[in-house]
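Enquirer: Letter by letter, the chains look like this.
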Amino acid sequence: MRTLSYAEAISEATVQAMECDPSIFVAGIAVDYPSGIFGTTTEAYKRFGKARVFDTPAMENALTGIAIGAAAVGKRPVIVHPRNDFMFLAFDQLINLAAKWKYMYGGRAGTVPIVVRAVVGRGWGQGATHSQSLQAPLAHFPGLTVLMPTSPHDAKGLMMAALQHDGPVVILEHRSLFGLKGEVPEEPYVVPIGSAEVVRPGTDLTVVATSFMTVEALRAADELAKDDISLEVIDLRSIRPLDEETILASLKKTGRLIVTDTSWEMCGVVSEIAALAAEKGFHDLKAPVRRIALPNCPAPVSQALEDVFYPKASTIAKAALVMLGRTSSSLGEIDLVDDFKGPY
Amino acid sequence: MSQSHSGTEIVSRSNSLVLPSAEKSIEMHRSLLRVRMTEETLATRYTEQEMRTPTHFGTGQEAVAVGVCSALDAGDMVYTHHRSHNHFIARGGSVYELAAELYGRIDGCSLGRGGSVHLTDRDKGFMVSSAILAETVATAVGTALAYAMDGEAKVAVCFFGEGTLDEGAFYEAINFASIRKLPVVFACENNLYATESPLSVRQAPGSDLCDRLRAFKVTSERVDGNDVAAVYDAAVRAVQQARSGGGPVFLECMTYRWREHVGPMFDHDAKRSYRDKAEFDAWVARDPVRRSATRLIEQGVATAAEVEVWAAETKAEIEATVERARQAPWPAVDTLFENA
Ligand SMILES: Cc1ncc(C[n+]2csc(CCOP(=O)(O)OP(=O)(O)O)c2C)c(N)n1
Ligand SMILES: [Mg+2]
Numbered sequence: 001m002r003t004l005s006y007a008e009a010i011s012e013a014t015v016q017a018m019e020c021d022p023s024i025f026v027a028g029i030a031v032d033y034p035s036g037i038f039g040t041t042t043e044a045y046k047r048f049g050k051a052r053v054f055d056t057p058a059m060e061n062a063l064t065g066i067a068i069g070a071a072a073v074g075k076r077p078v079i080v081h082p083r084n085d086f087m088f089l090a091f092d093q094l095i096n097l098a099a100k101w102k103y104m105y106g107g108r109a110g111t112v113p114i115v116v117r118a119v120v121g122r123g124w125g126q127g128a129t130h131s132q133s134l135q136a137p138l139a140h141f142p143g144l145t146v147l148m149p150t151s152p153h154d155a156k157g158l159m160m161a162a163l164q165h166d167g168p169v170v171i172l173e174h175r176s177l178f179g180l181k182g183e184v185p186e187e188p189y190v191v192p193i194g195s196a197e198v199v200r201p202g203t204d205l206t207v208v209a210t211s212f213m214t215v216e217a218l219r220a221a222d223e224l225a226k227d228d229i230s231l232e233v234i235d236l237r238s239i240r241p242l243d244e245e246t247i248l249a250s251l252k253k254t255g256r257l258i259v260t261d262t263s264w265e266m267c268g269v270v271s272e273i274a275a276l277a278a279e280k281g282f283h284d285l286k287a288p289v290r291r292i293a294l295p296n297c298p299a300p301v302s303q304a305l306e307d308v309f310y311p312k313a314s315t316i317a318k319a320a321l322v323m324l325g326r327t328s329s330s331l332g333e334i335d336l337v338d339d340f341k342g343p344y
Numbered sequence: 001m002s003q004s005h006s007g008t009e010i011v012s013r014s015n016s017l018v019l020p021s022a023e024k025s026i027e028m029h030r031s032l033l034r035v036r037m038t039e040e041t042l043a044t045r046y047t048e049q050e051m052r053t054p055t056h057f058g059t060g061q062e063a064v065a066v067g068v069c070s071a072l073d074a075g076d077m078v079y080t081h082h083r084s085h086n087h088f089i090a091r092g093g094s095v096y097e098l099a100a101e102l103y104g105r106i107d108g109c110s111l112g113r114g115g116s117v118h119l120t121d122r123d124k125g126f127m128v129s130s131a132i133l134a135e136t137v138a139t140a141v142g143t144a145l146a147y148a149m150d151g152e153a154k155v156a157v158c159f160f161g162e163g164t165l166d167e168g169a170f171y172e173a174i175n176f177a178s179i180r181k182l183p184v185v186f187a188c189e190n191n192l193y194a195t196e197s198p199l200s201v202r203q204a205p206g207s208d209l210c211d212r213l214r215a216f217k218v219t220s221e222r223v224d225g226n227d228v229a230a231v232y233d234a235a236v237r238a239v240q241q242a243r244s245g246g247g248p249v250f251l252e253c254m255t256y257r258w259r260e261h262v263g264p265m266f267d268h269d270a271k272r273s274y275r276d277k278a279e280f281d282a283w284v285a286r287d288p289v290r291r292s293a294t295r296l297i298e299q300g301v302a303t304a305a306e307v308e309v310w311a312a313e314t315k316a317e318i319e320a321t322v323e324r325a326r327q328a329p330w331p332a333v334d335t336l337f338e339n340a
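Top line first, the protein sequences correspond to chains S and P.
Per my numbering, the very first residue in the first sequence carries number 1; after that it's consecutive.
Per my numbering, the very first residue in the second sequence carries number 1; after that it's consecutive.
Calculated from the structure, these hints are not laboratory results.
Do not rely on the hints blindly, as some may be mistaken.
Stated by the list, open to error - DSSO-like mimics (lysine-lysine), calculated; alpha carbons at most 27 Å apart, straight line: (1) Lys124/P - Lys217/P; (2) Lys253/S - Lys318/S; (3) Lys252/S - Lys280/S; (4) Lys341/S - Lys312/S; (5) Lys50/S - Lys181/P; (6) Lys46/S - Lys181/P; (7) Lys50/S - Lys217/P.
Taking the hints into account, I'd like the entire structure generated from these sequences.
Expert: So, in C-alpha cells, the structure goes:
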C-alpha cells in the first residue's frame, strides 16, 4: 500500500473532506502560509483558496467563538493552533460554550461541529510554554471529544471522523510525528472515534500509550522481544470517549499494566487509566500499575535537562523489566535519536 | 451617573428624531408591554423560591431590546448575554417557554437544562444567550462570517452590557468583524454598572466606548436607550449598513437597570448604597414604556384608554401563562443524559 507521512495524511484528509463538504473551512494563524502548519494545510489552500483557508489574527478565544457561531448556522470550521499551549486562551469558548452547547440548550440550539487541531511540541528547546500536551484538562469535560492519532493512517481516519462528528472535537497532533511514514489508503475512510487499537499483540504486559509515547512503547516492545518478553501495546487514539473495553480485555490477558502519556501524572490520562484498572480490572492485576509520564516540573530548554526530562523507550522497557522481574543486557541504546532540527 | 454620559445630553439628541409609522409605533409599544409585563410577573413570582435559577432582570432596559429587534428580519440571528429575557421576548420567544425554563420544567425553551442565562429559540431567530461575558459577541461574529461566506443577506446581532467591554475577548471579536466587514450589529446596553461597580472604577475619566470601537474602524453611535423610537431609528440604519456589506456597527444604548444586579429586589429596599435613590428616580422618570405610551397619545396614534387596555390585557395573559408554566411537568430523571 501507498505510504504517506503523518503531515501528508492530515492534509489529504482535509482536502478530501473539503471536496465532499462545502461547509468546511480552515482558519487560524498561518494556515495559508506556504509552510501551512507543517504542510498540513498547504494543499487545501492551493485547492480552495482564501475563501476557505484563511489566516486570522492571534485571537484564540474569539476564533473559537467565531467557529462556534459559524457552526451553529451550518458550517464545519476547522481551527488550527500551531501549539496547543495557545489554546489555554480559548478554554472559555471551548469548555464553557462548545462542550455544553448541545446539552445546555436542551438540544434545541442544534449542535456545534467544530474541529480544533492543535500541535504538541517537543524538544529542541521548545520549553515550558510550547511543549505542553493538554489532553487531560480537555478530556475532563463532558461534551468534548479529544483525539490523539499516532499513525498516519489514524491521522487521516480520525480527522475524517472528526469532520463528520456532530459536536466539538479536539485533535492533538504531536510535533514529533509529522514526519512519520505509514500506509494510508487513498480513498476516504474513517477511524471510529472512541476506539483504541492493539498495535502490537503480546502476552506478558500491556502498555497503554498515547500519541508519540506509542512510538516509544513500540521500540521498547521490539527491544524486549529479543529477550523473549512479549509486550502488548495499545495506542489509545481517543482520550474521550475512552475505549475501556480494549484496555480491560488486554489487562485480562497480560495481568500487568504500564500506562504512558505525553503529559504529567497528576490528574492525568495515565491516572485515569490506572483508576480504570483499579476499579474494573483489579482482579486481573498481578502487579501494581505503573505510570510513565513527564517528571513534575515544567519542560526545561537546556539540552542536558531536556534529555532527562522526556521518558523514552528505555524508560518503558526498564519499567517493564522491573515489573516482570527480568533483566536485559542491551538497554539504553534503544532510544530514538531526535532528528528534529528546529526551530519550531 | 458618570463621566460624559449625561442622561440629558442623550435625551435632547432624540428631539430631531424621525418617528416610525403609526403601525410600527403601536407594534413596538405592545412589544414593550410584553417584555415589561413578563419581567415584572417573573420578578414577582421569583420570591416564591420556585424559580431556582440566578436571574438578571431587565426591567427599565426594554427599549433597547424592542428597538433593535423591531429592525430585524425573521432570518436574522440574535445572540445575547446574562440579562437576556428582554431580548428573548422582543424577538418573539415564548413567554411560556421562558417561564417554564426558569421553573426548571420540561417545557422550558432549553428543556430545563439551561436556566435563565441559557435561553434559545433558534426558529425565532434567537440563537442563544450565555452567562459568560463577551462569549456571544464572538459567536455572533462567527454567524455573521457564515452569512458573509454564503453571500446571504442576513445579519447577526449581539446584545451585551457595557461590562463586556471590560473583557479582552470582546476586542478580538470586534476586530475580526471589522477586518472582514461582517454583517453584525453590536448592541451595547450601557446601564452604567457592572454588578455594583460604576463606570468610574472600570474606565479612565473621559473614556468613551464609541471611541474605542472607532479605533477598530467600527461605526459607532450613542443612542438614548430609553427611547424605543431612537433605538429603532439607529438600529434600522445599523442593520442596513451591516446587511449591505458596509461592515459592523456598534450601538451604545444608554439605559438603566431598575432592579438589583441579580434577583428581583430593588437596591434601596435591599439597603444597598452603591447607587443612590435620586439617580434611580431620575431614570425611572425616563421609563421607556411610559415614554412610548405618552408619545403614542401625543401623536394621536392611540388613545390613553387603548394604551391602558393593552397593558391590562398583556398583564393578565402573561400572569396566566406564567402560572401555567409553573404547573408544567418536571423533566423525567431518566433523561439526565439526554443530549450529553
Ligand atoms: C467572564 C465573566 N466574568 C465575570 C462574570 C460575572 N458577572 C456577571 S454579570 C457581570 C457584570 C456585567 O455587567 P454588564 O456587562 O454591564 O451587564 P449588566 O449586568 O449591567 O447588564 C459580571 C462581572 C461573568 N459572568 N463572566
Ligand atoms: Mg452594565
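Enquirer: For each hint, tell me whether it holds in the structure or not.
Expert: So, going through the hints one by one against the coordinates:
no. : hint                : result
1   : Lys124/P - Lys217/P : violated, 31 Å
2   : Lys253/S - Lys318/S : holds, 21 Å
3   : Lys252/S - Lys280/S : holds, 10 Å
4   : Lys341/S - Lys312/S : holds, 19 Å
5   : Lys50/S - Lys181/P  : holds, 16 Å
6   : Lys46/S - Lys181/P  : holds, 25 Å
7   : Lys50/S - Lys217/P  : holds, 23 Å
Consistency note: the structure conflicts with earlier hint 1 alone.
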